[in-house]
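Chemist: Sequence:
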Amino acid sequence: MSQKPKPSHGLAACPGCAEPLESGDRYCGACGYDLSAVPAAEAGADRPTVAIGTPVAWPPAPPRDPGSLSTATQHPGDLPGTDSGGRDLPTMEVRTDGPAPAKGGAHGGTPAPGSPTPEGDFELAAPDPRTAVRADPAPAAAPAPAAPAPAPAPAAPAAALCVACRAGRVDTDGYCENCGHAQPRERDHMERELTGVAAVSDRGLRHHRNEDAFAVSSTTLPDGSPATLAIVCDGVSSATRPDEASAAAAEAAGASLLAALPRGTHPQQAMHEAIVAAAEAVNSLAEEPGQDGAEHDPHRHRNAPACTIVGSVVAAGLLVVGWVGDSRAYWVPDDRSTPPVRLTEDDSWAAQMVAAGLMNEAEAYADERAHAITGWLGADSYELDPHTAAFKPDRSGVVVVCTDGLWNYAEGAEDMARVVPADAADRPLHSAQVLVGHALDGGGHDNITVALVPFTVAPQGAGSA
87 MSQKPKPSHG
97 LAACPGCAEP
107 LESGDRYCGA
117 CGYDLSAVPA
127 AEAGADRPTV
137 AIGTPVAWPP
147 APPRDPGSLS
157 TATQHPGDLP
167 GTDSGGRDLP
177 TMEVRTDGPA
187 PAKGGAHGGT
197 PAPGSPTPEG
207 DFELAAPDPR
217 TAVRADPAPA
227 AAPAPAAPAP
237 APAPAAPAAA
247 LCVACRAGRV
257 DTDGYCENCG
267 HAQPRERDHM
277 ERELTGVAAV
287 SDRGLRHHRN
297 EDAFAVSSTT
307 LPDGSPATLA
317 IVCDGVSSAT
327 RPDEASAAAA
337 EAAGASLLAA
347 LPRGTHPQQA
357 MHEAIVAAAE
367 AVNSLAEEPG
377 QDGAEHDPHR
387 HRNAPACTIV
397 GSVVAAGLLV
407 VGWVGDSRAY
417 WVPDDRSTPP
427 VRLTEDDSWA
437 AQMVAAGLMN
447 EAEAYADERA
457 HAITGWLGAD
467 SYELDPHTAA
477 FKPDRSGVVV
487 VCTDGLWNYA
497 EGAEDMARVV
507 PADAADRPLH
517 SAQVLVGHAL
527 DGGGHDNITV
537 ALVPFTVAPQ
547 GAGSA
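Residue numbering for the sequence shown follows my numbering, beginning at 87 and increasing consecutively.
Derived from the structure by calculation, the hints contain no laboratory data. In this text the structure is predicted, and so the values were computed from the model without any measurement. Be a bit skeptical, because a hint or two may be false.
For each label pair, taking beta carbons as the anchor points, the in silico distance ranges come out as [stated by the list, open to error]:
no., residue 1, residue 2, range
1, ARG278, ASP257, 22 to 32 angstroms
2, LEU444, ASP259, 26 to 36 angstroms
3, LYS478, GLY310, 16 to 26 angstroms
4, CYS265, GLU373, 24 to 34 angstroms
5, ARG252, LYS478, 17 to 27 angstroms
6, LEU247, ALA98, 34 to 44 angstroms
7, ASP509, GLU374, 17 to 27 angstroms
8, GLU447, LEU404, 25 to 35 angstroms
9, ALA441, GLY350, 15 to 25 angstroms
10, GLU279, PRO425, 23 to 33 angstroms
11, GLY310, ASP453, 46 to 56 angstroms
12, SER122, ARG271, 40 to 50 angstroms
13, LEU404, GLY498, 24 to 34 angstroms
Idealized CB from N, CA, C, for every residue including glycine.
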């Protein structure tokens, strides 16, 4: 996910944190390092110091002085310097032929600290009493009154099994005690299922963290009929704190819908208000100072946190979608003989080229600039323009709400319909897991998040006498 086309930098890893990079990255997705500030490598042939295959004629070693520690020894007097106040550093003669003079005289006595003993060992200097930390003695504690024996502590919960070896227990630091494998963080893989909606989010195979987020919920309208909602957000990796942006947007949008729908707000208006609430939540992250460490690193990117958003509400026979950015919603009917439909239009460079008639869809999405987004939530975005649309399907099906981590592997509506299981309406969580697996099998180059919302049309005459 990026906000503009990215030039190639030629780096395999970030200079700041060693995160693996792709050729088109402008900023590190882990620490935000500005890759454009890295000086380009000088062109020209490699010039090795010694040609391969050429015998090296090393100079002969200098003769060893019998009285020295080694031929390479340097003494303090050979390395003049100054202390922090600009004064010359004191030097003292280093002896290698016997004990050092005793303190207070030239002969006899105890060797100076740090000097060799006749046995060849070096004594450690005694601690300076002026630098010792003086601790006041602890006051005597008053005898405590007798207390009843404490109740036995509850048994600790059983440690989780390792996801790698499935045999070892996971310690408190998150590592397997058997194989040492680091366990996934909570956000690396998330699943949730409610009545009428389910969602799965996965980090993928290339990113070090999951910058997607989702919110799924259900509520009731004033007439008592059910309403289900799904929100999916994708953090913009070229901005700072994209994972926080997506989480804040998903939470705010979900809360807004849960507040508006039971009041009787029209679902399409409720979706518009939810996107505005999500934008305000992301904007507020930019007002928090000192979060990205940019003041300590001139090359750390200072773009405000940003993300895309797409959502769906199924209520009262309506299917409502809303979005900003390039996350998408698809309609896949249960009857696969009828055509599926993509319900959203990307805010992206490729979509603009197609809309202007300058390229067809295949040409536009084959361009390296295709996924540069032109709309997003964030303090440095253009004027917020939430898109919403309402549909009234005449047949049952499922709404697929997803980030580009999935639709990159099933871009067209027909492609998406082919990978959505036939029983998706009855098993939404299982079907969401299948879709995430499809993206992982395809390479898992991005974070993957998908929510499935079944839409059911009652058969004609159902419920009639």
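Chemist: Decide, hint by hint, whether the structure agrees.
Modeler: Going through the hints against the structure:
1. Between ARG278 and ASP257 the Cβ separation comes to about 27 angstroms, which falls inside the hinted range of 22 to 32 angstroms.
2. The hinted window of 26 to 36 angstroms between LEU444 and ASP259 is violated, with their beta carbons roughly 54 angstroms apart.
3. Between LYS478 and GLY310 the Cβ separation comes to about 20 angstroms, which falls inside the hinted range of 16 to 26 angstroms.
4. Under the hint 24 to 34 angstroms, the C-beta atoms of CYS265 and GLU373, about 44 angstroms apart, miss the expected range.
5. At about 48 angstroms, the CB distance of ARG252 to LYS478 disagrees with the hint of 17 to 27 angstroms.
6. A beta carbon spacing of about 35 angstroms between LEU247 and ALA98 agrees with the range 34 to 44 angstroms that was offered as a hint.
7. Separation of ASP509 from GLU374 is about 45 angstroms and departs from the stated range, judged on CB atoms against 17 to 27 angstroms.
8. Checked against the hint of 25 to 35 angstroms, the pair GLU447 and LEU404 passes, with Cβ atoms roughly 28 angstroms apart.
9. Our hint of 15 to 25 angstroms for ALA441 and GLY350 is violated, since their Cβ atoms are close to 36 angstroms apart.
10. The hinted window of 23 to 33 angstroms between GLU279 and PRO425 holds, with their beta carbons roughly 28 angstroms apart.
11. Between GLY310 and ASP453 the Cβ separation comes to about 50 angstroms, which falls inside the hinted range of 46 to 56 angstroms.
12. Checked against the hint of 40 to 50 angstroms, the pair SER122 and ARG271 fails, with Cβ atoms roughly 30 angstroms apart.
13. The hinted range of 24 to 34 angstroms is satisfied by LEU404 and GLY498, whose Cβ atoms lie roughly 25 angstroms apart.
Hints 2, 4, 5, 7, 9, 12 from the earlier list are contradicted by this structure; the remaining hints agree with it.
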